[in-house]
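> Quick note, the sequences are listed as chains A and B, same order.
Numbering-wise, the first sequence is residues 1 to 296 according to this note's numbering.
Numbering-wise, the second sequence is residues 1 to 358 according to this note's numbering.
Any given hint could be a false lead.
Unchecked claim - Simulated pairs of lysine to any residue, SDA-like, Cα-Cα distance not exceeding 25 angstroms:
1) Lys45/A - Gln182/B
2) Lys45/A - Leu159/B
3) Lys51/B - Val180/A
4) Lys45/A - Glu158/B
5) Lys106/A - Glu158/B
6) Lys106/A - Ile64/B
7) Lys106/A - Leu53/B
8) Lys51/B - Ser84/A
9) Lys51/B - Val73/B
10) Lys106/A - Ile333/B
11) Lys45/A - Val184/B
12) Lys51/B - Arg201/A
13) Lys51/B - Ala184/A
14) Lys86/B - Val73/B
Unchecked claim - Rough simulated footprint, nothing fancy, chain B against chain A, three-plus residues with beta-carbon under 8 angstroms:
15) 48-61
16) 178-184
17) 247-258
What the hints assert, rightly or not - Chain B regions said to be covered by chain A (calculated; three or more residues, Cβ under 8 angstroms):
18) 47-58
19) 64-78
20) 93-103
21) 154-165
22) 171-182
23) 270-281
24) 334-341
No lab work stands behind these hints, which were simulated from the structure alone.
Backbone N, C-alpha and C define an ideal beta-carbon position, used for all residues, glycine too.
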Amino acid sequence: MAASAMAIRSRLRAATDHLVTALAILATILVIAPLAVIFGYLVYKGASSLNLNFFTKVPAPEGELGGGMANAIVGSGVLLALASLIGVPIGIGSGIYLAEFGRGTKLANAVRFTADVLNGVPSIVMGVTAYALIVAPHVSFLPFLGHFSAFSGGVALGIMMIPTVCRSTEEMLLMVPHAVREAALGLGVPNWRSTLSITVRTASPGIITGCMLAFARVAGETAPLLFTALGNQFWSTSLNEPIAALPLQIYIYANSPYDDQHRLAWAGALVLIVLIVLAVSLVRWVTSRGTLKGSS
Amino acid sequence: MPEIRISQPVPQPEPAPASEPAAAALAPEPSTIRRFLLARGNSAFSDYLFKVLMVLCALSIFVIVLLIGYELVVQSRLTWVQSGIKFFYTAFVDPDTHLPQYWDPVNGHFSALPFIYGTLVSSFLSLLLAVPLAVGVAVFLTEMCPGLLRAPLSFLTELLAAIPSIIYGLWALFVLVPLLRQYVNPLLVKTLGWSGFFDDSNPTGLGYFASGIILAIMILPIISSLTREVMTAVPHSQREAVLALGATRWEMIRTGVLRNARIGIVGAIILGLGRALGETMAVTMVIGNTPEIHRSLLANGSSMAAVIANEFAEATSDLHRSALVEIALALFIVTIIVNAFAQLLVWAVTRGTPSQAR
Chain A
1 MAASAMAIRS
11 RLRAATDHLV
21 TALAILATIL
31 VIAPLAVIFG
41 YLVYKGASSL
51 NLNFFTKVPA
61 PEGELGGGMA
71 NAIVGSGVLL
81 ALASLIGVPI
91 GIGSGIYLAE
101 FGRGTKLANA
111 VRFTADVLNG
121 VPSIVMGVTA
131 YALIVAPHVS
141 FLPFLGHFSA
151 FSGGVALGIM
161 MIPTVCRSTE
171 EMLLMVPHAV
181 REAALGLGVP
191 NWRSTLSITV
201 RTASPGIITG
211 CMLAFARVAG
221 ETAPLLFTAL
231 GNQFWSTSLN
241 EPIAALPLQI
251 YIYANSPYDD
261 QHRLAWAGAL
271 VLIVLIVLAV
281 SLVRWVTSRG
291 TLKGSS
Chain B
1 MPEIRISQPV
11 PQPEPAPASE
21 PAAAALAPEP
31 STIRRFLLAR
41 GNSAFSDYLF
51 KVLMVLCALS
61 IFVIVLLIGY
71 ELVVQSRLTW
81 VQSGIKFFYT
91 AFVDPDTHLP
101 QYWDPVNGHF
111 SALPFIYGTL
121 VSSFLSLLLA
131 VPLAVGVAVF
141 LTEMCPGLLR
151 APLSFLTELL
161 AAIPSIIYGL
171 WALFVLVPLL
181 RQYVNPLLVK
191 TLGWSGFFDD
201 SNPTGLGYFA
211 SGIILAIMIL
221 PIISSLTREV
231 MTAVPHSQRE
241 AVLALGATRW
251 EMIRTGVLRN
261 ARIGIVGAII
271 LGLGRALGET
281 MAVTMVIGNT
291 PEIHRSLLAN
301 GSSMAAVIAN
311 EFAEATSDLH
321 RSALVEIALA
331 LFIVTIIVNA
341 FAQLLVWAVT
351 RGTPSQAR
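Bound conformation, chain A alone (with noise of 0.2 angstroms):
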């Protein structure tokens, strides 16, 4: 008998496993699903519904067919360049700052604990929080204050790369070792600049993986821009008016009611996916090319 029991037991244990290794394998396709069904989606629909004048021509007025998105490629770029301008020697400073100087100490950590505190922040709290900054106040002598502009829209996406960027190259600055800075130190070369074009140089596919990431996130941000960069309906690449960006451009066209402008929406989502995903291989690539590959 109990040897019977013993055998039923162990078969039910082993009923068990395959139950569980089934449910795992099929929790891994039903998270693997929804990917497939919203890039088949977005192929699908922005592919047929793009055309040439989709690149070339601004919205058209309310109620009439066609018209494109020109305007709003044009307005993401001029804000991610403003944003990355910000953020990325902020983002490489502070990652310097913790890799070489803050080793151990105190503030050091605080500043790593405040930079993933920071990467928690909720987008529409950063946009809130331009608008306090830039759009409210008036000051007369001061630019870019007191309206909505396309500035207000740079300088909260740039707040929301630094910390993605300060820790990847933190990261990455830690994998350099250090007989790499004390050759260039013992040739006499100041401890700044083996820094920058030794230490840095070194971990830099790394850092511009890092940027890239941070960049590809702030891409698609739609919350920060809502009440900073408004969005505009012609065309403008102006600093000290509202501009229009790719991902505002695809809200405001879903939320419409016409099938035509919703079919506007999905390829503009198309053109935001593809130009994320060229942007970011395009670096990779030129940047993998003759530079010391592992770093270490």
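Using the hints, position chain B against chain A.
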């Protein structure tokens, strides 16, 4: 059981040899030779300037977080002075109809209650859906998956995290919501309608349930990738010990891996919650945007982020705007607490092991 800890390598008197980059990279202190070289240089001023510049960059992160807090507090003063903490839990009751008026910009009655409720309901619903799936994926990828499939599958799950939330919103609005409206919601009403959580008063397909589903898809990658990281950090000796006792693979995973990693997994889940609480665009597009409280999950509602996104640019009065900023402040504080807590939990498990241990 003796605790296995990786002790910090002590500062070495001589420079670490170049053939041991890993040990050198882990050393907390630069070697003595480096200190000598640094002190000897004749570029002390430029070095000092460089260091100050880098410290300023690092300090700017503090400044930014403090500035966010300061601006939110200052801009929400008006509402705070007028209603205080009551803003978050009471509502104005209409004397004629005896119905609560939660959010009435025209007459100046503001209460954050329906938005807090909507945020909590949709976030917890998304956790309910996402956590089993995310842990399942993590278990499959770390313990069961054949080596050939592991890299592409984990790449695909990470790819989910790279899709902008506006695209999730677009997809949810035009694909998910019609699907729910036509097939899923009637089914839920028919089978689970008795519980009171599903009723058919809302024919649009929008609502808490739709936003819960899209949030679940969006927070899946972060939960599963962190869970994987935590599971990878469990030492192999644990798995081997349990297997050697005759356990099946599932028993090994349960007692050897999941039990050891549970604190980190909880951290990953809380981090996912933090992401879900602050998510804006996708929720705004599918939650329905009505400032009401309903028991039914299929009803229209609104969330904290959604109401800010919808009304901030067109706020009708200073009071209206400051009420919205106060909601943003609440969101800011809650996400800081949630994220800090989660970071501590994840850090407690993964410290001492490099992030790509495998």
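> Each of the hints needs a verdict: does it hold here or not?
Okay, the hints, checked on the actual structure:
no.	hint	in the structure
1	Lys45/A - Gln182/B	holds (21 angstroms)
2	Lys45/A - Leu159/B	holds (20 angstroms)
3	Lys51/B - Val180/A	holds (19 angstroms)
4	Lys45/A - Glu158/B	holds (24 angstroms)
5	Lys106/A - Glu158/B	violated (33 angstroms)
6	Lys106/A - Ile64/B	holds (19 angstroms)
7	Lys106/A - Leu53/B	holds (19 angstroms)
8	Lys51/B - Ser84/A	holds (22 angstroms)
9	Lys51/B - Val73/B	violated (33 angstroms)
10	Lys106/A - Ile333/B	holds (23 angstroms)
11	Lys45/A - Val184/B	holds (23 angstroms)
12	Lys51/B - Arg201/A	holds (18 angstroms)
13	Lys51/B - Ala184/A	holds (17 angstroms)
14	Lys86/B - Val73/B	holds (16 angstroms)
15	48-61	violated (count 0)
16	178-184	holds (count 4)
17	247-258	holds (count 5)
18	47-58	holds (count 10)
19	64-78	holds (count 8)
20	93-103	violated (count 0)
21	154-165	holds (count 8)
22	171-182	holds (count 4)
23	270-281	holds (count 8)
24	334-341	holds (count 5)
Consistency note: the structure conflicts with the earlier hints numbered 5, 9, 15, 20.
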